[in-house]
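One line per chain: the protein sequences are A and B, in this order.
Residue numbering for the first sequence is 1 to 121, as defined by this note's numbering.
Residue numbering for the second sequence is 1 to 279, as defined by this note's numbering.
Do not take every clue at face value.
Straight-line Cα separation of at most 30 Å, DSBU-like style, residue types lysine-lysine; simulated pairs [unchecked claim]:
1) B:K22 with A:K36
2) A:K5 with A:K22
3) A:K22 with B:K22
4) A:K52 with B:K159
5) A:K5 with A:K36
Calculated from the structure, these hints are not laboratory results.
Chain by chain, the residues run as shown.
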Amino acid sequence: MTIKKMRAIPGTTFFDGPMSTKGYPVNKMFYSFNSKEGRDAFVADEEAYMEKFKLNEAQKQCVRDRDVLGLIREGGSIYYLAKIGPILGLNVQDFGGLQTGQTTEEFQAYLDSQGIGKNNG
Amino acid sequence: MAKIVGGIGSSHIPAIGVAMDKGLEDTPYWRDFFQSYVPLRKWFNEVDPDILIIFYNDHGLEMFLDKKPTFAVGTAPEYENADEGWGINPIPPVRGETELSWHIVNELVENDFDPTVCQEIKVDHGLTVPLTLMYPGKDYSKVKVIPICINCERHPMPKLSRSYAFGQQVGRAVESFGGDQKVVVMGTGGLSHQLDGERAGIINTDFDTECLDKMVSDPEALTKYSLEDIVELAGGQGVELNMWMAMRGCLTGKVTEGYRNLIAPISNTAAGIQLLIND
Numbered sequence: 001m002t003i004k005k006m007r008a009i010p011g012t013t014f015f016d017g018p019m020s021t022k023g024y025p026v027n028k029m030f031y032s033f034n035s036k037e038g039r040d041a042f043v044a045d046e047e048a049y050m051e052k053f054k055l056n057e058a059q060k061q062c063v064r065d066r067d068v069l070g071l072i073r074e075g076g077s078i079y080y081l082a083k084i085g086p087i088l089g090l091n092v093q094d095f096g097g098l099q100t101g102q103t104t105e106e107f108q109a110y111l112d113s114q115g116i117g118k119n120n121g
Numbered sequence: 001m002a003k004i005v006g007g008i009g010s011s012h013i014p015a016i017g018v019a020m021d022k023g024l025e026d027t028p029y030w031r032d033f034f035q036s037y038v039p040l041r042k043w044f045n046e047v048d049p050d051i052l053i054i055f056y057n058d059h060g061l062e063m064f065l066d067k068k069p070t071f072a073v074g075t076a077p078e079y080e081n082a083d084e085g086w087g088i089n090p091i092p093p094v095r096g097e098t099e100l101s102w103h104i105v106n107e108l109v110e111n112d113f114d115p116t117v118c119q120e121i122k123v124d125h126g127l128t129v130p131l132t133l134m135y136p137g138k139d140y141s142k143v144k145v146i147p148i149c150i151n152c153e154r155h156p157m158p159k160l161s162r163s164y165a166f167g168q169q170v171g172r173a174v175e176s177f178g179g180d181q182k183v184v185v186m187g188t189g190g191l192s193h194q195l196d197g198e199r200a201g202i203i204n205t206d207f208d209t210e211c212l213d214k215m216v217s218d219p220e221a222l223t224k225y226s227l228e229d230i231v232e233l234a235g236g237q238g239v240e241l242n243m244w245m246a247m248r249g250c251l252t253g254k255v256t257e258g259y260r261n262l263i264a265p266i267s268n269t270a271a272g273i274q275l276l277i278n279d
């Protein structure tokens, strides 16, 4: 028996059981950013903080490189990944740009190109 | 008997909470979005519900991957919100409604649904943002809230058909609860959006429009879509449609549409706003 694989959709990683296993340490670290103590401890010493949560070397390197796609490949869930955004001064449009090889402005323009319903704007 | 008078579908993204905190409601980016809640609140304020059942998903405030319920029902007398790490100000505690919560839990389990039962949970923006949209001055001290949380983060997640059936059972439970309480149900999140991956940023307002249409007249038609279909059509986080399906399932009477709007982009999403009246 093998675990059921989710459908292959380009540019999309299904966060399923095996990904959740792989990404558990990194997601647990990001989850700790709910608290100011966690955020401050990460900022004070990133390497020590990553070690505390037992990230593997590939995950650590992605954090060092601020490599969002790499972190997703390494099992990061976007729900927890988003919690590092404020620490790095990145919002979800910045994250969108970083993942799609665009500037934030280009990514925003892509969103706008799919727009609907803004009449007064 | 308690009566579900209507259902509301609403976005719950954190950026809405931040916009309200900063008073940006009348800026060009936000004006159409917030204006859409004026007619919605007119109906809502006239109804003045006693109880609000809110289907939402936790985004890693209370429920981490270590213990993550597929369906969870709150049975607490009060719910607190807390720091989620991104600067949205926590809102004052929300009142719970323990009696109806326990009745819903009893009826769910009796009818072969087995939710996690939560006597103490922190509720995140998935619940607080829609609540605050209904009570923009945060004047929600009169209403009692029952949070029902659905896993929308880690696959496997409930199928749309299951969330719909779950909602139907919640609806039947409410309607069998003695009393004359007026209840409104909210389905939050969505509609199309994808936050992660090279495909981040996709929005599909044609599909969202189909969903809003079917919500009124034929919700079961949406259950033909697998969650893989939903991800393909509406993006990775389009699976939040599950909360809308649960909300719609609660409406067991004759359903008519009181209001609808679809606005994109709101942050990275298409924001659906819908009022369904349940006679």
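Going down the list of hints, with the structure as the test:
1. Simply put, B:K22 and A:K36 have alpha-carbon atoms about 21 Å apart, close enough for the 30 Å limit, and the pair holds.
2. Restraint check for A:K5 and A:K22: the C-alpha separation of about 15 Å stays at or below 30 Å, so the hint holds.
3. The hinted pair formed by A:K22 and B:K22 fails the criterion: a straight-line CA distance of about 38 Å is larger than 30 Å.
4. At most 30 Å may separate the alpha-carbon atoms for a hinted pair to count; A:K52 and B:K159 exceed this at roughly 37 Å.
5. About 38 Å separates the Cα atoms of A:K5 and A:K36, which puts this hinted pair outside 30 Å; it is violated.
Going through the hint list in order, the structure does not satisfy hints 3, 4 and 5.
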